[in-house]
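Student: Chains as they are written, first to last, in my numbering: chain A, 1 to 324; chain B, 1001 to 1324.
Where hints are given, some of them may not hold.
[Unchecked claim] In silico DSS-like cross-links for lysine-lysine, where the CA-CA straight-line distance does not exceed 25 Å: (1) B:Lys1191 <-> A:Lys125; (2) A:Lys125 <-> B:Lys1252; (3) A:Lys125 <-> B:Lys1170.
Keep in mind the hints are simulated off the structure, nothing from the lab.
Chain residues, written in single-letter form:
2 protein chains.
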Amino acid sequence: MNINDVLELVKEDIEAVEKNLIENLDSEVQMVNEVASYVFESGGKRMRPVFLNLSSRLFEYSGERAIILSGVVEYIHTATLLHDDVIDGAKYRRGRKSANNVFGNDITVLCGDFLYSRAFVNLVKDGDSEIQMILANAAKTMSEGEVFQLVKTAQFNLDIEDYIKIINSKTAVLFSSCCEIGAILGNASAKQQQAIKEFGTITGQAFQISDDILDYMGDPAVTGKKPGTDLNEGKMTLPVILLRDMATETEKKELHNIIVEEEFSEENLNRILELMKKYEIRKHSEEYVDKLLNKTKDLLNMLPDNEYRKALSFLSEYMIKREK
Amino acid sequence: MNINDVLELVKEDIEAVEKNLIENLDSEVQMVNEVASYVFESGGKRMRPVFLNLSSRLFEYSGERAIILSGVVEYIHTATLLHDDVIDGAKYRRGRKSANNVFGNDITVLCGDFLYSRAFVNLVKDGDSEIQMILANAAKTMSEGEVFQLVKTAQFNLDIEDYIKIINSKTAVLFSSCCEIGAILGNASAKQQQAIKEFGTITGQAFQISDDILDYMGDPAVTGKKPGTDLNEGKMTLPVILLRDMATETEKKELHNIIVEEEFSEENLNRILELMKKYEIRKHSEEYVDKLLNKTKDLLNMLPDNEYRKALSFLSEYMIKREK
């Protein structure tokens, strides 16, 4: 199995989702449709819809509701991206100018609000209160998590539990919601629903940690991103946390200065990378991810054995072991 | 009947709503609760909950659901205020520093998102799909309306239909939702539900127009606000639209320059006020409002005749004829 085999399994679903994303941009206000179209046409891997549809098909459901709910999830996800880009003052997203860069912060914040509420309109239409509660709570958790991350910016002593809390909120909760929705659509047993929900959570965590590893130690030629964004934004991520906990007292003080006191510089970034090399932080981070990956395998073993389960297994590993 | 008689009718309801607003701030992230508490503790007249509860009591419903749904509405309303204040760079709100001024734009945007999603959690719990759809659509309309207003900023030729569309979105739709929700809670007939919904729409329109009149022609000693905010922000509101349509060609050009070309200045504001005096714009604007007020009376006459109907009648007139 390779990534194309996986995507082939839900190719028609994702095409239908793409259509749904654009068709629901039915605002009377043309600017709203324009901004949202700009964002959706700039692509995105639609990983959340892929997980939702693989999960529902694993439990033998396929159909309109999986498409509509995928659209809802992608609207919520995109709303958070729009707001995040405003907050971070991001200039680019997916290789194009970010919406805030093109249309301004004001319109971008409001179009995020539009996507949230447009998502809820379709969620209400779908009418399943269990799914509504999952997604309303996910949206709530995501906004709280972003605030928590801001509050914890440049907090040198951030413990790993708080880091996990942050990545749960910003990434894992929506992946887990997608997997759980698939199980609900397919009338899975409570035990299976719980297992695939946890699978989504842990996959989401590992996915975000991989991202955080690549942010320091990815190959810019492969990732297409300048390393050190998280350092620049004062985010304490797993590689830095592991480094902090392994470093000598002197190095720890140096690290503290770089993260908390000083402005971002290439020199500081290089010093951190040097220390990360010394302490084999990439290896240690990847060991952490591997443990999560093993957990996802155990959880999948509790589910019906079919090609969709194989696809989820392949896909989670693929996302986690990626180089970009 | 005076305003205190009206408020006395729903005093216990509003006290319960206040309690609900604070109790639902149950975030694990303390900063989220802190920002939201700051906003709710700075007061606000809770006009939307007052309308919702008067409406439900008019139709002989009172109880927990009216309180919870009032909280939902107030959360949605507050989320829009938080985002608006970020967008407008507002420094003050209700006589205190605005949340963005105290906590920063980033946290304020996210706390707005939190309140939206927290509102939807309670809306899902309440479980009435008709009410869910009303409020999801209202939130959607409000965000679209704000974008529309931004797009139409300093558009000198804005016609009155577009102005009405803007005030419908930013103000009327949530008032109308509150009235309609009250009717649904009280099992009103379809005709009555439609009548009180329209009553809410027109009251909301007239309320916003009064605001727009006061923005130019209110007495700062009474309103506590500096006149000319809308001019400063390039908003085309009813008084300016009426003035534009009555002015001579020469005056129209002058007005165009002031609104579209030039920076805001006291001198320009005074010139507009002079022209407004010349053309009796206050009188004409108030005539416009009076027509709306008459419509609200006709609509109320279609509803059960009780003290709550009298209260709604008094209250809408009170809000519209206010001097601050």
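Student: Taking the hints in turn, state whether each one holds.
Tutor: Hint check results:
Restraint check for Lys1191 of chain B and Lys125 of chain A: satisfied, since their Cα atoms lie roughly 24 Å apart, inside the 25 Å limit. Distance hint between Lys125 of chain A and Lys1252 of chain B is unfulfilled; the C-alpha atoms sit about 48 Å from each other, more than 25 Å. Restraint check for Lys125 of chain A and Lys1170 of chain B: satisfied, since their Cα atoms lie roughly 24 Å apart, inside the 25 Å limit.
Violation of the numbered hints given earlier is confined to hint 2; every other hint is satisfied by the structure.
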